[in-house]
Structure formats: structure tokens, C-alpha cells
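Residues in the sequence shown are numbered consecutively from 1371, following my numbering.
These are calculated hints, taken from the structure and not from any lab test.
Some hints here could point you the wrong way.
[To be verified] Distance windows between CB atoms, simulated:
(1) S1480 x S1541: 48 to 58 angstroms
(2) D1378 x S1480: 37 to 47 angstroms
(3) F1442 x L1388: 17 to 27 angstroms
(4) A1401 x N1491: 48 to 58 angstroms
This structure is a prediction, so every number in the text was calculated from the model and none was measured.
Ideal Cβ positions, reconstructed from N, Cα and C, are used throughout, including at glycine.
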Amino acid sequence: DSGVESGDTVSMHYDPMLAKLIVHGVDRDAALATLNRALAALDVQGVVTNRAFLQRLANHPGFKNVELDTRFIERNEATLFAPRQFSTEDYASAALIGLHQLAQECESDSPWDRHDGFRLNAPHTIRIALCDPASAQAADNDSAVVVVEGKRATLDTQWQLTIGNSTLTASLQPLEGDAVAVTLNGHRRRLQA
């Protein structure tokens, strides 16, 4: 809905008219699986959403087992409202994967239009808004396949990432199977697709 901005008040008379996410399935488990996929793929820009809360709610054991009443949220407040804490390394890992995805989306042959970091005289800065985790898997000895928002790309580049006040040197290396190693400032982290 393009008519809502952060800070707007929506009365109860208009709330049902805003965008809603509705899913269905052959049973509750199938519907919850569809809901989780839809919430993970949801991309809303410009306003704050309650997507993370809805994901925690949909994955709560009591919600899955239909142990519901009007005090469900109040009783489970500690787990439902506890936001996941991401480290600088988490953001760097996601940014590293996102950077290459951005580079792959360019359809121009001009080096000035590409997002691969090429510039004369100074490094090129690329800003990425991180919303959801991405996945990565090994492709061959020199590259790794990454998936961001369902789009596949191959990564074989070293990057310098600035997240907040932290700057990290990062690279991706394929491992056995569908795993990769993200190296951030010399510290390796194993990621599994």
C-alpha cells in the first residue's frame, strides 16, 4: 500500500484495507511452511513492519501446536519480543553475498555501469540494505554460488566491507558439499546452504 508512511496513524476503520499476507495449505503445517516462506521473501521498503515478530510467532511451538488463547502473546513475551542479535560478522557475511548479487544484476558492458568495484583512482563504494539472511554453496575451486532473494550468482572476489564503524576484508571460499568459508579479517566462518 503506497499511501502509508512511517509515523502515520491508521484507525481501526482502515486497518483491514492495508496490505495483508494470507496463506493456505492442505493442513496447518503446510500453511505455516507457506507462511514462513512468504515472510522470508517479503520485501517492504520505506516503513517499519512487524515481519520479524510474525516469523517468531509462526515458529513458536505453542503457535504451531494451536495452544492459543487471548493471552498467548503476553505469556510468551520473552521469546516473541526478543529480537535476534546480529554481529558485525553476520552483516559482513550477508553483505559479501549481496555485493556479488548486485554485480551480477548489471546488464551493461560498460565498466562505469557495473557494480563490481572497478573504478580508476579510487575504490568504488556500494551500499547494501540487509533484510534477510542469504545462502551460499560451493561451485568449484575458485568460486562459490550464492543465493540472495532466490537469485543465484557466483562469487570469486575479495571485498572490503564497512559496517557501522567496522571495516573488514572479506572473501568466500568453497568447501566440500554445499558449504563455504567466509573469511573476515583473517577469521574463517563456515556457512551451510
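Practice task
If any of the earlier hints don't hold here, list their numbers in rising order.
Solution key: 1
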